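Just need the whole structure built from these sequences, with the hints factored in.
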Amino acid sequence: MNETKELSRRNFIQTAIWGIGGLIGIGFGVPAIAYVVGPSIKSQQTKTWMRLGPTSKVELGNPTLFSFTVQTQTGWIQNSQEISVYVLSTDGRTYIAMSNICTHLGCHIRWISDQNHFFCPCHNGVFDISGNVVSGPPPRPLTRYDVKVENGQLFILVGG
Amino acid sequence: MTTKINQWLDERTSWRKVWEVIFLRKIPKVNWFYTLGSASLFVAVNQAITGILLTIYYVPTPDHAYDSVQYITTQVPLGWLIRGLHHWGASAMIVLVVLHMLRVILFGAYKYPREVTWFTGVILLLVVIGFGFTGYLLPWDQKAFWATTVGTRIAGTPPLIGDYLMRIIRGGSDISAVTLVRFFGTHVWVLPSVLFLLIGIHLYLVIRNGISAVPTRGK
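One line per chain: the protein sequences are C and U, in this order.
With my numbering applied, the first sequence corresponds to residues 1 to 160, in that order.
With my numbering applied, the second sequence corresponds to residues 161 to 379, in that order.
By construction, these hints were calculated from the structure, which means they are not laboratory data.
Fair warning: this is a prediction, and the values are worked out from it, not measured in the lab.
Heads up, a few of these hints could be off.
Derived Cβ-Cβ restraints for the label pairs, each shown as a range [as the list claims (entries may be wrong)]:
id : chain 1 : residue 1 : chain 2 : residue 2 : range
1  : U       : GLN302    : C       : ILE13     : 17 to 27 angstroms
2  : U       : TYR324    : C       : THR48     : 51 to 61 angstroms
3  : U       : TRP179    : C       : GLY25     : 11 to 21 angstroms
4  : U       : THR234    : C       : THR90     : 45 to 55 angstroms
5  : U       : VAL374    : C       : GLY27     : 27 to 37 angstroms
6  : U       : VAL205    : C       : ALA16     : 12 to 22 angstroms
With a cut-off of at most 20 angstroms between alpha-carbon atoms, the simulated SDA-like pairs for lysine to any residue come out as follows [stated by the list, open to error]:
id : chain 1 : residue 1 : chain 2 : residue 2
7  : C       : LYS42     : C       : VAL30
8  : U       : LYS186    : C       : VAL30
9  : C       : LYS42     : U       : VAL366
10 : U       : LYS303    : U       : HIS224
11 : U       : LYS177    : C       : LYS42
12 : C       : LYS42     : U       : THR233
13 : U       : LYS186    : C       : LYS42
14 : C       : LYS42     : U       : TYR218
15 : U       : LYS186    : U       : VAL366
16 : C       : LYS42     : U       : GLN230
17 : U       : LYS189    : C       : LYS42
18 : C       : LYS42     : U       : ILE216
Positions of the beta carbon are idealized from the N, C-alpha and C atoms, including for glycine.
Below, the structure is given as structure tokens:
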């Protein structure tokens, strides 16, 4: 079987068909992948300081819920998305802002003051007053935002 | 290695035999006009691939159809290419199937024993026109809206049944959300099912009967 392969007409055509077919396949496949995954890997919006409200609204030693809406563009639709944040202050000077989104699978947690814990309704995740996991499946503490206070107003850093 | 895998598969599926029957069958000496059917099939596959991709972003409702098409064309990477291939492929499809039909007529290829291939071809032509008609409405722009207004009015011209026919096609007396969704459903579910079934029969018959030779004088 070591005879030199001579390029017959049949072999040439066969190779050409597979070659051209492969090129057409790449011609469809590569744009298809770019087309499907493109919007998923678009960069998020830039970080901005969002005003929550006056610091006087925060009850000392009790997580206080602040809500605000942000305008987002998803696909061709402009929508306003409501974001809620729990702000905790024990001394009236330092503030921590925690996301109300459970770190397990994204449900909204709620502060139950009688029991002094945050509870997630989906899979019984429980967090303490400063957002650390007490029990249940959440893998890490509640996400915190950077906070600043200007002229008695609370700001948090969102986006990015 | 590949030979071993091929052998293993062939023992269980006889794919070599299938391959031979489809691609290594004997054909008479023919010319380039005989490639029009394959060209139509190629464009049909193009329409299927690009059409499936378009449905990933397209939304068939009056408040989103136009915007989602604009989004595909201007925002999605290579969206203009996918939409362009589908748009121009649609026109190419009509041209190719008509040329294919003319070749079959002029070469007398519809004659015994290939009449059934011809019959399925006639229905396929109607299906392709149906694709063109239903697809034209989907971008939901002015051209789409008025073309469908006119097109459905034409369906309304026959006496007695005309008005019912137009209302059935439109899903009511006016062109509305109902019209858009039924055109979409027809375009992406009904017609493709019919098309692929008929292409299957059509190709089976082409292989079953072989292709006709170029006719010669006095034969």
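Going through the hints against the structure:
1. U:GLN302 to C:ILE13: 17 to 27 angstroms: Because 49 angstroms falls outside the window, the suggested range is violated.
2. U:TYR324 to C:THR48: 51 to 61 angstroms: 58 angstroms, holds
3. U:TRP179 to C:GLY25: 11 to 21 angstroms: 18 angstroms, holds
4. U:THR234 to C:THR90: 45 to 55 angstroms: 51 angstroms, holds
5. U:VAL374 to C:GLY27: 27 to 37 angstroms: 33 angstroms, holds
6. U:VAL205 to C:ALA16: 12 to 22 angstroms: Once the Cβ atoms are compared, 19 angstroms apart, the range 12 to 22 angstroms for ALA16 (chain C) and VAL205 (chain U) holds.
7. C:LYS42 to C:VAL30: 18 angstroms, holds
8. U:LYS186 to C:VAL30: 36 angstroms, violated
9. C:LYS42 to U:VAL366: 48 angstroms, violated
10. U:LYS303 to U:HIS224: 17 angstroms, holds
11. U:LYS177 to C:LYS42: Since the Cα atoms of LYS177 (chain U) and LYS42 (chain C) sit roughly 48 angstroms apart, the hinted pair is violated (cutoff 20 angstroms).
12. C:LYS42 to U:THR233: 16 angstroms, holds
13. U:LYS186 to C:LYS42: 53 angstroms, violated
14. C:LYS42 to U:TYR218: 19 angstroms, holds
15. U:LYS186 to U:VAL366: 12 angstroms, holds
16. C:LYS42 to U:GLN230: 18 angstroms, holds
17. U:LYS189 to C:LYS42: Not OK: LYS189 (chain U) and LYS42 (chain C) at ~54 angstroms, beyond 20 angstroms, violated.
18. C:LYS42 to U:ILE216: With Cα atoms ~17 angstroms apart, LYS42 (chain C) and ILE216 (chain U) stay inside 20 angstroms; holds.
Checked against the numbered hints given earlier, the structure breaks hints 1, 8, 9, 11, 13 and 17 and satisfies all the rest.
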